[in-house]
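Chain by chain, the residues:
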Amino acid sequence: MRNILEITDATKQFGGLMANEGITFNVGEGEIVGVVGPNGAGKTTLFNSVSGAHTLTRGSIVFDGQDVTQKKAHEIARLGVGRTFQIPQSLNEMTVTENVLVGALMHTADMKKAAEKVQETLELCNLAHRKDMLAGKLNVAQKKRLEIARAMATDPKLLLLDETMAGLTATERKDAVDLILKINRMGVSILTIEHNMDVVMTVSNRVVVLVSGKLLMVGTPEEVTSNPEVISAYLGGGSDTDE
Amino acid sequence: MLKTLFGDYSKKQLAIGAVLIVIALILPQLTKSLFMYNLLILIVIWSILGMGWNVMGGFCGQVSNGHSMFYGFGAYCVGLPLQYFGLSPWIAIPFGMCFCACVAWVIGKPVLRLKGHAFAICTMALAECMRYICVNMEFTNGAKGVNMFKKGVNPILFLQFKDPRVYYYLYFVIMLIVLAVTKILSKKRFFYYLRTIKGNEDAAASVGIDVSRYKVRAYMLSAAIVSLGGSLYAQYMLYFDPASMMTLNVSMMIVLVAVMGGIGTVFGPILGAIVIECLSEFTRASLGQYGGLDMVLYGCLVIIIVLFLPGGLLTLPAKIREYMDRKASKEGAAK
Ligand SMILES: Nc1ncnc2c1ncn2[C@@H]1O[C@H](COP(=O)(O)OP(=O)(O)OP(=O)(O)O)[C@@H](O)[C@H]1O
Ligand SMILES: [Mg+2]
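Residue numbers (this note's numbering), protein chains in the order written: chain A, 12 to 254; chain B, 17 to 351.
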């Protein structure tokens, strides 16, 4: 299997704090990789490094055969990395359609073509019935789907999902799982941060465990859940499975 | 293109628009008062200034408090070439727009790294510096300003008309062109990107938008439009000086026009210009002799409007409708 993403020795320092330290793993093309770890483990920091929101202190990131370590966020997005934000960053004064449109405009300035892409994406993410609503008026679940829709409208090769399930009800979570699997079947590789262990087990081909900024282990969901170190560091530690 | 321009509006709205344009065209024929002519011309010029600022402050969310700099530069760009080379404003006005766009490009790169208040203060300081430079340079005639009146020149070639109404009609057409350009751009990727940047810069970058580059582009367009307004003002007055054009007051007025009408909307600045110019000219004319009372009243009115209509005057109809609905539903509940 070809690797879509290769993270080598990723290290990010904020002042005296090592938010990420020496993290190395790959995401294969077409794979869904889950990232788990306690609060403050450095999961979002890792996403920010991959998406170019900040640059690494040390280490390298190769996406689709290209070294993107020093590239800026918009350049990485154009290469095919879509992302969502842990706290939805919807454009509240714009409609749902417009929120998705700005994603669709990445590959074309043609409004007609972009509008088709928007329609398609809204249907995929089950937002078509809300298309004329202001994004600020959406509920949490819809805002999370809108985050995915905006990223999907850019036709990414790799999608970074930061806790898309947090704050959702059980039914909403099931819908979200279905959506992630559907997106993956469309050929998009996915790296997803997830607190809910059931969800991680259902969707991921492999799971990456981070603890205090370091990589604890990479393995299949079964390997991860049966590893005693993981259990004590994360699962056992009074975990927030339902956060 | 017609569809982009008019497609958003109902037949009723288009009819109202047409009526308003007709009124604007016959107004100057109904009066002989120079005060009224002056007011109408100022409204048109300030609409253009407001629309220019709005590209940057309204659509892109970068509030500049120093746009008087481009207003002044626009005036100098027609005044000085005329003084030194006898250049026609038909060439000088577009030159001024390009010049201001270049200035915006040069200063935009460093200045636009600043966010929010820092950006507002920095633009303000820059405009002040430029005013001092213009006041103190011999090349710009210093504080004396520039006198553009030339006897016996071709009125069309040099845009020097005896009848102020000619200025009004010409400027009105120019304003409509600026309006149409804004409307068309508001449907293009460029303006969607600006609004995305205003909404959230991280989200903008995540969909591949080069935030700093688009900010600079918005700043350039904004500067060019404001420069056009400055050129038109100078051309109408045929005299200007840096102390009256490049002050903080002017910068604030430009902001007010856009904010009061409806920030980030296509038509807001025109509405804002009508209200602000009427307010300031009428209060000045009727209360000006009581030393400053006009400014007090003017200030209070501005505060009231901004307090109660934060979305600008353009949101007034919606507010009224909301109020009526609430009243109606209360009455319904009482029954
Ligand atoms: N921009 C920043 N500046 C300074 N410190 C930061 C910054 N971003 C994150 N941190 C710190 O880095 C550490 C890791 O944060 P990160 O957000 O990556 O954790 P996380 O695994 O996503 O946690 P959570 O589950 O709460 O989202 C935290 O201690 C956080 O305070
Ligand atoms: Mg996080």
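Derived by calculation from the structure, the hints in this document are not laboratory data.
Mixed in with the good hints, there may be bad ones.
To be verified - Some chain B residues close to chain A (C-beta under 7 Å, calculated; not the full set):
#, residue
1, A219
2, G224
3, D226
4, S228
As the structure is a computational prediction, the values presented were derived from the model and not from experiment.
Here a beta-carbon is modelled for each residue, glycine too, at the ideal position from N, C-alpha and C.
Was the hint right that A219 of chain B lines chain A, CB cutoff 7 Å?
holds (4 Å)
Close enough to count: is the Cβ of S228 of chain B nearer than 7 Å to one in chain A?
violated (9 Å)
Minimum Cβ distance from G224 of chain B to chain A below 7 Å?
Cβ of G224 of chain B sits 4 Å from chain A, so the hint holds.
Interface hint for D226 of chain B, Cβ within 7 Å of any Cβ on chain A
holds (5 Å)
This entry does not satisfy hint 4, going by the numbered hints stated previously; all others are met.
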